[in-house]
Every structure is written in structure tokens, then in C-alpha cells.
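Trainee: Residue numbers (numbering that gives the first Met the number 0), protein chains in the order written: chain A, 0 to 257; chain B, 0 to 281.
The set of hints was computed from the structure by calculation and includes no laboratory data.
The reader is advised that the hints may include incorrect statements.
Claimed, not checked - Derived Cβ-Cβ restraints for the label pairs, each shown as a range: (1) V114(B) / T255(A): 34 to 42 Å; (2) V55(B) / P121(A): 52 to 60 Å; (3) N242(A) / K231(B): 16 to 24 Å; (4) V190(A) / V114(B): 51 to 59 Å; (5) V190(A) / F68(B): 54 to 62 Å; (6) C52(A) / L50(B): 33 to 41 Å; (7) G253(A) / V114(B): 39 to 47 Å; (8) K244(B) / E256(A): 16 to 24 Å; (9) E117(A) / L199(B): 39 to 47 Å.
Stated by the list, open to error - Pairs of lysine-lysine residues, derived as BS3-like cross-links and limited to a Cα-Cα distance of at most 25 Å, are as follows: (10) K128(B) / K163(A); (11) K109(A) / K163(A); (12) K126(A) / K231(B); (13) K126(A) / K56(A); (14) K109(A) / K165(A); (15) K142(A) / K92(B); (16) K5(A) / K109(A); (17) K128(B) / K233(A); (18) K111(A) / K142(A); (19) K56(A) / K109(A); (20) K165(A) / K233(A); (21) K243(A) / K92(B); (22) K243(A) / K233(A); (23) K243(A) / K165(A); (24) K231(B) / K244(B); (25) K165(A) / K128(B); (26) K53(A) / K5(A); (27) K142(A) / K109(A).
Unchecked claim - Just a sample of chain A residues kept apart from chain B, beta carbon distances all over 12 Å, derived: (28) M0; (29) Q42; (30) V43; (31) D45; (32) R75; (33) L113; (34) P114; (35) R141; (36) C201.
These numbers come from a predicted model, not from an experiment.
Cβ coordinates follow ideal geometry from the N, Cα and C atoms, glycine included.
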Amino acid sequence: MSYDLKMRVWRGDADGGDLGDYTVPVETGEVVLDAIHRLQATQVGDLAVRWNCKAGKCGSCSAEVNGRPRLMCMTRLSDFDETETITVTPMRTFPVIRDLVTDVSYNYEKAKQLPAFEPGPPDADGKRRMAQVDIERGQEFRKCIECFLCQDTCHVIRDHEDNKEKFAGPRFFLRYAELDMHPLDTHDRRVLVQGMAGIGLCNITKCCTEVCPEGIHITDNAIIPMKERVVDRKYDPLVWLGNKIGIRNKDNDGRTEV
Amino acid sequence: MHPDEYGVTRATFLTRGPGMASGTAPGVGGPTRARLDARTLRTDTWWLYPLTTFVVFASFVVYATWRAFAGADYYAAPYLSPFYSPCLGDCVKGSSDFGQPFGGWPLSAALIVLVFPLGFRMTCYYYRKAYYRSFWLSPPACAVAEPHRSYSGETRLPLILNNVHRWFWYAAVVVALILTYDTVISFREAGGGHVGLGSLIFVANIVLIWLYTLSCHSCRHVVGGRLRHFSKHPARYRAWTFVSKLNHHHARYAWLSLFSVAIADLYVFLLASGAITETRFL
Chain A
0 MSYDLKMRVW
10 RGDADGGDLG
20 DYTVPVETGE
30 VVLDAIHRLQ
40 ATQVGDLAVR
50 WNCKAGKCGS
60 CSAEVNGRPR
70 LMCMTRLSDF
80 DETETITVTP
90 MRTFPVIRDL
100 VTDVSYNYEK
110 AKQLPAFEPG
120 PPDADGKRRM
130 AQVDIERGQE
140 FRKCIECFLC
150 QDTCHVIRDH
160 EDNKEKFAGP
170 RFFLRYAELD
180 MHPLDTHDRR
190 VLVQGMAGIG
200 LCNITKCCTE
210 VCPEGIHITD
220 NAIIPMKERV
230 VDRKYDPLVW
240 LGNKIGIRNK
250 DNDGRTEV
Chain B
0 MHPDEYGVTR
10 ATFLTRGPGM
20 ASGTAPGVGG
30 PTRARLDART
40 LRTDTWWLYP
50 LTTFVVFASF
60 VVYATWRAFA
70 GADYYAAPYL
80 SPFYSPCLGD
90 CVKGSSDFGQ
100 PFGGWPLSAA
110 LIVLVFPLGF
120 RMTCYYYRKA
130 YYRSFWLSPP
140 ACAVAEPHRS
150 YSGETRLPLI
160 LNNVHRWFWY
170 AAVVVALILT
180 YDTVISFREA
190 GGGHVGLGSL
200 IFVANIVLIW
210 LYTLSCHSCR
220 HVVGGRLRHF
230 SKHPARYRAW
240 TFVSKLNHHH
250 ARYAWLSLFS
260 VAIADLYVFL
270 LASGAITETR
280 FL
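With the sequences and hints as input, model every part of the structure.
Mentor: See the structure below:
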């Protein structure tokens, strides 16, 4: 069954722009990205939109639908009333390039600052081994598709441009956590996550978790554990004492601070 | 144009109310961002959660402050209000099972011990989310611009002190043990035992207190989360798995235990002040 969808779509560039009103014929079962594509094909051929897989796995079509950071390809029209006007804007945390396309290079700069996985020497037979239970722990973090919706919704940088320099954002706390929990990694990044990545700026209001299209528990499983690891390193006298007398922190053996 | 030139004050944010307020906020109103006047384009009832949280928490704070400073009507044998337990000050006869080491304390005895459960909740990861959103509007909801011009999160005093949550968790375990003792003796009666409405309220309260305490993120970290090799610590891995399941419901336990502790205290107050008499089942 088809109907006419009322849409408001932001059009413009760094010099300015505004919401434009459109009416787009859509079919039952379609998603917002389908409507955007039809709008582009039939009415505004120069509408800039970034997309790729249409299956929620490439992380390209991130935008804000009715003010909420969403993947357009995973936002079903059936979630809205047929009479409702759907507003689509680019992500409002990153510099706009044109229409729905933003410059997300901030994220790539932050990725460069994160020291990569550094395994220790292999076993005698030249292989490295991990128990299944240790592998499973990091699998949740590997689901990240780098859509950067968590970065987009994070108020630390969304509402405070000046924090971008000193804050890596939830996507990269996920990576810090994955590496810090990795049994074969030899880097200790706890000083780094507090200093350069600025985890102390996060006030754990959980918006990153709310918008994650992969359902990763970013706050509970990555950010808070990393905050607790920073507490281990810096704010817990019991751990400090345990280290001094050699009964604590044996699990961190073999790591060097970076 | 500097982003701050788009800034709005907290007062204008609040007076304009939620929704499509005019004017842009710092950040989303910055010069490189897509030019939009609205602070948020959300059309759902995003303001309901922070508003509800604000009303409920503020009500609890008012009630708890009154009861903590009252210094009266906190003991009706065998029930001792959880706000006053353990009663270490100059408490009424029969209420100090752990002695009165602070017998010379001039103020309400609740003020001696309340700092521990209060500190535990104030530094709790869930409560932090709740009060940052509802009391400080930082942010009021996801993708709704906050009214503050600058933001330093938990990097400076006083909010950096939230890193001591683990210490309050240690204390909260001790408090929970003492409240467990109070619950056991709530079935006590001269010449035998009894089951009253108060006993059942105390049982419900201590169950929720333990669920809240054990589901804490710091607990999850301490029992096993801090490890890098689960495979080398199977017992701690099982403990971590159990706490992780509880942790999933931490927010729910935070709310329910807040209600239960207030209800337990209210019941003791009503008994002690003579407003009601005990409902007995056995």
C-alpha cells in the first residue's frame, strides 16, 4: 500500500541552509533511506546523501530523524504515523559538507591517536592462544560499525565544540576497553584514556548506548569499566597498597604504560 | 563567529521550555554545523524522564532531610528506621544494638551514618546519569542541547570525587549487613517472635537494598570485571557473570530500593508517633 509521506529535509552547506518541505510517495515496509532516495530520484537530483549497504552494517547513512540520531536505512516508516511529517537533518555534531553529508574526520583523527594492539611474544610453537571465554568478552565491541551516531549524540562534543580536542568519544572508549580487556595486549592505556582521551569528561548519561544501532552496551560494558580501571590506577589506595606488597594487580603483569 | 556567540543562558533555556525553542545553543549552533535554529527537533516526550526523575528525587530529598534531622520517632520496638541504623548517637533505649560510641553527638543520630548510603547513591553510576540529566540538564535528554556554555564533566572538583564510588560501595556492604541484622530482629518480640507488617516491609526493603548493592558497577568491577584473563579465574568469572545479570537491572533496583527505604522509615515513624498500630499476621 502506498501513501504520500510529508518530509522536511535539511539542505545547505557550511554557508547556510534550511529545512525544505517535500511530499514523497512511499510504500508500506520502506525505510527513511528509501524515501530519501525517491526524493533524490524524482524531485531534487542534487540532494547529497551518504549511503552504501542499506542493511545497517556499513554505518554510512547516519543522520537525525525527527531529532534522533539514527541510521536512515534502519528507520522504518511504519514506526511513524502516516500523517506525521518526518524531519531529516545531517548529524549536528560534525561540520556539514552538503545536505545530509557531514565531515566525520574528527573520528579518524581520534582513531590515529589510539595506540594499536601490541601482542607479546608468541608461544614456543609460534602461535598465540586465547581461551574462548576471553575471546567472547570482546566480541560485543567488535560489532561496532563506526556509524558515529554515539559520537554524534554525545553532548560532550555535540554541545561543546572546544571539547573535541581533548575528548575521544564513546566509539573510542569502546576500543580502549576492548584492548584493555585483551589478555594478549601488552600496552597499559589507562593513563592515556584519562589524559588524552578525556574519559573524565564523560558523565555517563548513556545517550551513546541509547542510539547505538548495534545495541552495544557502550556505557555499562566499556566506559564504566574503563572509568573503574582508571580508579584502579589512580584513586584506589587499596590497589596501590596491594601493588606495593605484591598481592594485587598480578593480572596486569607484562604490560607497559603508553 | 565564536561558538559562544550562539550561547543561551540556563534561565532562557528553562523559561522557553522544552521543544522547539527559538535561538541556537552553543555546539549545535556552532559555525561549522548545519544551520538550524531549533535546540532539538525531537517530537517525542523526551522531557518526561528528567521531569519525573526530578520530582521523585526532590521529593525523596525533602522527606529524607526532614526525617534525618528530626531525631525523633525512629524506633518502635523491634523496628529501627533504616535512616538511623546503626543508631550510634544518643539514641532512645533499645535502639542501639551496636553501642553508642557517639553518645555525645549533639545532632540527630541519623546524620552520623546517613553519609554512607547517601554517598553511595550520590556517586552511583545510575544516579549520576539521572541527576546530571534531570537536575543539571547536562544533557536533559539525548540530542537535546544543554544550556551550559562550558562543560568539564567529571574532571574537576567536586565531580571528580565521583571516582570514590568504590569506597562508598565497601561501606554500603557494611550498611546492608547491618540492615540485614535489623530485619532478622524485626521478627523479635518479648517472649517469642512475631510477624508484623513491619517485618514484611523490612524484608522487602533488605532484599531490594542487597539487589541494588550487589548490582553496582563497582561491585561488578571488583568481583571480576577488572580481570584481563577470565580463563585464569573461573570462580571470579562466574561471580562477574552473576553480578553482570544483576547489573543489567541496576537502575530498577536503584528506584525500588529508594522507595522501599522511605516506606520502611515511614512505617516506623507512623508506629513510633502513635499514628498507627502494628498490623500482625502471626
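Trainee: Now tell me if each hint is right for this structure.
Mentor: Evaluated hints:
Taking the beta carbon of each, V114(B) and T255(A) are about 40 Å apart, inside 34 to 42 Å as hinted. The given range of 52 to 60 Å is respected by V55(B) and P121(A), whose C-beta atoms sit roughly 56 Å from each other. As the Cβ distance of N242(A) to K231(B) is approximately 19 Å, the hint placing it in 16 to 24 Å holds. Between V190(A) and V114(B) the C-beta distance comes to about 31 Å, which lies outside the given range of 51 to 59 Å.
Separation of V190(A) from F68(B) is about 43 Å and departs from the stated range, judged on CB atoms against 54 to 62 Å. Taken as a hint, the range 33 to 41 Å holds for the pair C52(A) and L50(B), whose Cβ atoms sit roughly 39 Å apart. Judged by the Cβ atoms, the range 39 to 47 Å given for G253(A) and V114(B) holds: they are separated by roughly 41 Å. At roughly 33 Å, the beta carbons of K244(B) and E256(A) sit outside the given window of 16 to 24 Å.
With their beta carbons about 57 Å apart, E117(A) and L199(B) fall outside the hinted range of 39 to 47 Å. At most 25 Å may separate the alpha-carbon atoms for a hinted pair to count; K128(B) and K163(A) meet this at roughly 21 Å. Annotation: proposed proximity of K109(A) to K163(A) holds, straight-line Cα distance about 9 Å (limit 25 Å). A distance of roughly 19 Å separates the Cα atoms of K126(A) and K231(B); the hinted pair therefore holds under the 25 Å criterion.
With a C-alpha separation of about 32 Å, the suggested pair K126(A) and K56(A) falls outside the 25 Å cut-off, and the hint is violated. Only pairs whose Cα atoms come within 25 Å are accepted, and K109(A) paired with K165(A) is accepted, the gap being roughly 10 Å. For a cut-off of 25 Å, the pair hint linking K142(A) to K92(B) is broken: about 60 Å separates their Cα positions. Distance check on the hinted pair: K5(A) and K109(A) sit about 38 Å apart at the alpha-carbon level, beyond 25 Å; violated.
Restraint check: the Cα-Cα separation between K128(B) and K233(A) comes to about 23 Å, which is no more than 25 Å; the hinted pair holds. A distance of roughly 20 Å separates the Cα atoms of K111(A) and K142(A); the hinted pair therefore holds under the 25 Å criterion. Of the pairs offered as hints, the one joining K56(A) and K109(A) holds, with about 22 Å between alpha carbons and a cut-off of 25 Å not exceeded. About 19 Å separates the Cα atoms of K165(A) and K233(A), which keeps this hinted pair within 25 Å; it holds.
Restraint check: the Cα-Cα separation between K243(A) and K92(B) comes to about 47 Å, which exceeds 25 Å; the hinted pair is violated. Taking the CA atoms of K243(A) and K233(A), the gap is near 14 Å; set against the 25 Å cutoff, the hint holds. For the hint pairing K243(A) with K165(A), the CA-to-CA distance comes to about 32 Å; that exceeds 25 Å, so the pair is violated. Taking the CA atoms of K231(B) and K244(B), the gap is about 21 Å. The hint holds against a cut of 25 Å.
For the hint linking K165(A) to K128(B), the alpha-carbon distance of about 22 Å falls within 25 Å, and the restraint holds. Proposed proximity of K53(A) and K5(A) is supported: the alpha carbons are some 22 Å apart, at most 25 Å. Of the pairs offered as hints, the one joining K142(A) and K109(A) holds, with about 19 Å between alpha carbons and a cut-off of 25 Å not exceeded. Here M0(A) stays apart from chain B, with its beta-carbon at least about 24 Å from theirs, past the 12 Å limit.
For Q42(A), the condition that its CB be more than 12 Å from all CB atoms of chain B holds, with the nearest at approximately 20 Å. Non-interface status of V43(A) relative to chain B is upheld: no Cβ of that chain comes within 12 Å, the nearest being about 16 Å off. Its beta-carbon lying about 17 Å from the closest one in chain B, D45(A) satisfies the requirement of being farther than 12 Å from that chain. Look at R75(A): its CB is around 16 Å from the nearest CB on chain B, clear of 12 Å, so calling it non-interface holds up.
Interface exclusion of L113(A) from chain B stands, the closest Cβ pair being 18 Å apart, more than 12 Å. Against the 12 Å criterion, P114(A) stays outside the reach of chain B, whose nearest CB is about 16 Å from its own CB. The beta carbon of R141(A) sits about 17 Å from the closest Cβ of chain B, which is more than 12 Å, so the claim that it is off the interface holds. At the 12 Å boundary, the C-beta of C201(A) falls inside the reach of chain B, the nearest C-beta of that chain being 6 Å off.
Checked against the numbered hints listed earlier, the structure breaks hints 4, 5, 8, 9, 13, 15, 16, 21, 23, 36; every other hint is satisfied.
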